[in-house]
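Number of protein chains: 2
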Amino acid sequence: MTDTAWQDRPVVVTGGAGFIGASLVRRLAGLGARVTVIDRMLAEYGANPFNLDGLGGRIRLIEADIGDAAPTAAAIGEAATVFNLAGQTSHMDSMQRPLEDLQLNQEANLRFLEHLRRANPRVRVIFTSTRQLYGPPQHLPVAEDHPVAPPDINGIHKFAAEAYHLLYARVHGLPATALRLTNVFGPRMRIRDARQGFLGIWLRHAVEDTAFEVWGGTQRRDFTYVEDLVDALLLTAGCDATIGRVYNVGGGPPATLLEVARLLVETAGSGRFELREFPAERRKIDIGDFYSDDRAFREATGWQPATSLAEGLARSVAFYRQHAAHYL
Amino acid sequence: MTDTAWQDRPVVVTGGAGFIGASLVRRLAGLGARVTVIDRMLAEYGANPFNLDGLGGRIRLIEADIGDAAPTAAAIGEAATVFNLAGQTSHMDSMQRPLEDLQLNQEANLRFLEHLRRANPRVRVIFTSTRQLYGPPQHLPVAEDHPVAPPDINGIHKFAAEAYHLLYARVHGLPATALRLTNVFGPRMRIRDARQGFLGIWLRHAVEDTAFEVWGGTQRRDFTYVEDLVDALLLTAGCDATIGRVYNVGGGPPATLLEVARLLVETAGSGRFELREFPAERRKIDIGDFYSDDRAFREATGWQPATSLAEGLARSVAFYRQHAAHYL
Chain A
1 MTDTAWQDRP VVVTGGAGFI GASLVRRLAG LGARVTVIDR MLAEYGANPF NLDGLGGRIR
61 LIEADIGDAA PTAAAIGEAA TVFNLAGQTS HMDSMQRPLE DLQLNQEANL RFLEHLRRAN
121 PRVRVIFTST RQLYGPPQHL PVAEDHPVAP PDINGIHKFA AEAYHLLYAR VHGLPATALR
181 LTNVFGPRMR IRDARQGFLG IWLRHAVEDT AFEVWGGTQR RDFTYVEDLV DALLLTAGCD
241 ATIGRVYNVG GGPPATLLEV ARLLVETAGS GRFELREFPA ERRKIDIGDF YSDDRAFREA
301 TGWQPATSLA EGLARSVAFY RQHAAHYL
Chain B
1 MTDTAWQDRP VVVTGGAGFI GASLVRRLAG LGARVTVIDR MLAEYGANPF NLDGLGGRIR
61 LIEADIGDAA PTAAAIGEAA TVFNLAGQTS HMDSMQRPLE DLQLNQEANL RFLEHLRRAN
121 PRVRVIFTST RQLYGPPQHL PVAEDHPVAP PDINGIHKFA AEAYHLLYAR VHGLPATALR
181 LTNVFGPRMR IRDARQGFLG IWLRHAVEDT AFEVWGGTQR RDFTYVEDLV DALLLTAGCD
241 ATIGRVYNVG GGPPATLLEV ARLLVETAGS GRFELREFPA ERRKIDIGDF YSDDRAFREA
301 TGWQPATSLA EGLARSVAFY RQHAAHYL
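Keeping their order, the protein sequence lines are chains A and B. With our numbering applied, the first sequence covers 1 to 328. With our numbering applied, the second sequence covers 1 to 328.
For reference, chain A alone in the conformation it holds in the complex (with noise of 0.2 Å):
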């Protein structure tokens, strides 16, 4: 789709109050589309009303959980695209309470599907799943046929969410495509704690000039930009040959812990780190080294990430030391 395609274009976009979703939706608002969000507002999650601040009338915000159908009908009835990003991010938040988790990531998604083949079957969905259900690497880079061996409560359930899709795709022909996700960071991620990964906690503890800890160090990942990010979720929104897929999306070259701490301090000018021992309750659910082979991704729909590691963190910091008190 060209960007104008956007322009009034009614789009829901589920989890739209949280980082990923509302990088997304003020994109999508500023292409003149008519975008919903669904959201419950959750702020341990990651939803922060500040995250749409300035979107005034220009968007719909409706308070409620995806599963529940009578608040977002006549949104999901008339919308051309659905971005389904809702969800809780924090894997240990999920061994803590996995029912809450299997509520929140698997059967909210359930009863959303069922309304949406009912309501809206022709509606183009884009889900947004995690690289985490792959479990720790057998190989590197990981491809979408690694197999599957969530480590934890969060990836057994987004795995299922994710099967939803595709089976929904495949047997009642709702075009919906799943896209797993690594290490997604900049503006309006939550920071307060690394619910929505470590790099939230580092970013904050980098523009508060205090120390943070990196456990292990070697561990070698990938990261998105949100822009980026952004960029590939519209690219799949109009890519037909996506649809009843799976995708890795991946970022630029894998790097170290240690070198993205140290690369974040020399960025921020602020900030240290204390390297550490990887805490024994965490080193259950850790998955080592990560990084996505997202080639057929990149094949399909042209896209690459266009913002490097280094002008991500600076963007990042720029964006928290100016809105520090929303996010702190």
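Because the hints were derived from the structure by calculation, they are not lab data. Hints may contain errors.
Which copy? The list can't say, so a pair holds if one copy fits it or any two copies do.
Lysine to any residue pairs mimicking SDA-like chemistry, simulated, CA-CA at most 20 Å apart [unchecked claim]: (1) K284 x A74; (2) K284 x R192; (3) K284 x G217; (4) K284 x E114; (5) K284 x W215; (6) K284 x R97; (7) K284 x G77; (8) K284 x Q219; (9) K284 x R295.
Please read these numbers as outputs of a predicted model, since none were measured by experiment.
Given the coordinates of chain A, assemble chain B onto it according to the supplied hints.
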């Protein structure tokens, strides 16, 4: 474990009034185990009071959902072994009532495991999963490292429930093993309809001397006679090397559906069949040819099936001839 090791052993069998469950319960009772059955007694999903006929005072029956802690606490607290077989097996039901399947096949297991890890964290657990979760095979035979691509709601939920068991083994130290079963058949399966597999309804027609439909006919499948599966379950419980792992459990050499239908009619000396094209609605969730590579399981446990397909069919026909009133 030797047969005598089951004497006086407190054992819980969930789904113990169902087809496989009751076959296991009868064997365990014969070995002198103190068996508690936890079963919701849903006839539609295979529970049948007659399956436990004659066991009277020798077993305890708790009519409850496995996810319901209160009624099951005492039995779970004292168990040395839990065979977790409860669930519903119909692929079509799962597509028509996906939220019910989520509750029965997945959420109840998560609640059950949360109880187990708190009340009895060292209890040996054997969970029965399904080969359905592989989806249409990419190659044959299918070993455990074949990609998981659930072709229906039931497959998604069984995979998640299996993943819970493996996760609780790894993270919480619960000594659990999961077994992916193929077409299990024999006395005490539901034959009123195809909810427990096509062989159920075929057996009904053979015994009633009426016509059944064979859809397609060229698909190759493998089959496990239920008493051989009971052997597999008991061997697994006694084999610590299987803890934290998942295995295929197959059977004898694969046969085409047409071969099986002919063998059944010939064995029974009654019934007949008609070849039909695969119905469109079901083709969407059919997996085509399937047979398991179960060498890993055989090597770990020493199991091998003792009952040929012909012999298993003969015993099944004899059972349903004698007890038709309880299954029709």
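The hints, checked one at a time:
| no. | hint | result |
| --- | --- | --- |
| 1 | K284 x A74 | neither (44 Å within a copy, 30 Å between copies) |
| 2 | K284 x R192 | neither (24 Å within a copy, 46 Å between copies) |
| 3 | K284 x G217 | within (17 Å within a copy, 47 Å between copies) |
| 4 | K284 x E114 | between (35 Å within a copy, 17 Å between copies) |
| 5 | K284 x W215 | within (13 Å within a copy, 47 Å between copies) |
| 6 | K284 x R97 | within (16 Å within a copy, 35 Å between copies) |
| 7 | K284 x G77 | neither (43 Å within a copy, 26 Å between copies) |
| 8 | K284 x Q219 | within (15 Å within a copy, 42 Å between copies) |
| 9 | K284 x R295 | neither (30 Å within a copy, 29 Å between copies) |
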